[in-house]
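*Asks:* Taken in order, these protein sequences are the chains called A and B.
Note that the first sequence covers residues 7 to 228 in the numbering used here.
Note that the second sequence covers residues 7 to 228 in the numbering used here.
Don't read these hints as lab results, they were simulated from the structure.
Please note: incorrect hints may appear among the correct ones.
One copy or two, either will do: identical chains are not told apart, so a pair holds if it fits within one copy or between any two.
[Unchecked claim] Calculated lysine-lysine pairs in the DSSO-like style (CA-CA distance at most 30 Å, straight line):
{"#": "1", "residue 1": "53", "residue 2": "72"}
{"#": "2", "residue 1": "72", "residue 2": "158"}
{"#": "3", "residue 1": "72", "residue 2": "122"}
{"#": "4", "residue 1": "122", "residue 2": "190"}
{"#": "5", "residue 1": "158", "residue 2": "122"}
{"#": "6", "residue 1": "158", "residue 2": "53"}
{"#": "7", "residue 1": "53", "residue 2": "190"}
{"#": "8", "residue 1": "190", "residue 2": "72"}
So you can see what is in the structure, the chains are spelled out below.
There are 2 protein chains.
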Amino acid sequence: MPNYDDHAANLHRMEPRDRRGEQMTPESPLLDTLVSSLRCLPGIGRKSAQRIAYHLLQRNRPGALKLAEALSRAMHGIAHCSRCRNFSEEELCGMCRNTARERSLLCIVESPADVKAVEEAGFRGLYFVLMGHLSPLDGIGPEDLGMDLLGKLLDEGETREVILATNSTVEGEATAHFISEMVKNRSLQVTRIAHGVPMGGELEYVDASTLSHALAGRRAFR
Amino acid sequence: MPNYDDHAANLHRMEPRDRRGEQMTPESPLLDTLVSSLRCLPGIGRKSAQRIAYHLLQRNRPGALKLAEALSRAMHGIAHCSRCRNFSEEELCGMCRNTARERSLLCIVESPADVKAVEEAGFRGLYFVLMGHLSPLDGIGPEDLGMDLLGKLLDEGETREVILATNSTVEGEATAHFISEMVKNRSLQVTRIAHGVPMGGELEYVDASTLSHALAGRRAFR
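Just chain A, with the same shape it has in the complex (with noise of 0.2 Å):
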């Protein structure tokens, strides 16, 4: 309390008048590249990339230069497969070349997320992956989601099983249900994902929709 006044005459800048006026003194224009380059990254905001930024600068170098690399090398070097349309360095992605596999099972998914969740599963088939879903509204079409590409995959005779693992969100439900009349015009066989109660779940906190899915969904007790 002293010297507060001393104190507060030391301080005069701070008043908001001022605070709107001045110009703050730059930062490091790399810095502030580096700040808005990270806001790319889905979730990140404006004070999280900042976080990250004086992370990396401090403690990790070596892993952000890593990292750089990593990113340039993926952008450039992945594109997708000429059969499955998942992401690939090859013409023909390891799955679709890999004869030990179930050639007979094709499973149709959204994105290339859904293939590892599946994969993770235990599926050992082979996979289409649409890259989004039917959405006519946003004019994504049959035409952007390869629907000529898995009308020649159907053809080759190879598949005799087409199973939709489509997102069960209603655009998921129309694409599943588009793919299921090519299916069908072929004479194979097409089934959906079962959806119903998770393993696990409770009764009590499961929704209305998923369990009348999973009634309606019964199946015979051994």
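Since the structure of chain A is already known, use the hints to place chain B on it.
*Replies:* Then chain B, alone, in the frame of chain A:
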């Protein structure tokens, strides 16, 4: 239900037994490297890293390439200011070179992020960035925080008041105490930023320690 058995036969490879034994078809090595490199970002685990990698590949390759460039340039181009230790691309940072700032005030903070915060509050003096706090258990002593550099800076005679703005943690307080001794030895004024009830804060929800500081630091009402 009719073709469940047929179905089950097709999916015999999905049994948990096989899940462990059988090797999954490896994904793209470039993608794997990208996912593992993304984990150098603070707070990003395996799942988030995967989601980010897919997002960039699917929707924002130019952004990812810009990020790669920005990371590499920043890591190579940003070092520390030789006077205040803040991040800087040049020998002396913009703030230390700026003669329009209140050069008799020296605000001491723990990190570059703190400089940003104090700057946004309207402070227009100079800074000294410790890049950490005293932490004997982690082997961080005064020499790691540039105390010798701080001593030299104080000896230059430009500084009239040192404002201690280290965090109000045990380590931050210990660091503030250590520096206050250095400053007093040079017969300069030393102050500590006020701790008290945050603006807009309701007494009911303020913790006892903060409120006790607010009471001890009360000032004449004007």
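*Asks:* Of the hints given before, which are not true for this structure?
*Replies:* The structure conflicts with hints 2, 6, 7, 8, although it agrees with all the remaining ones.
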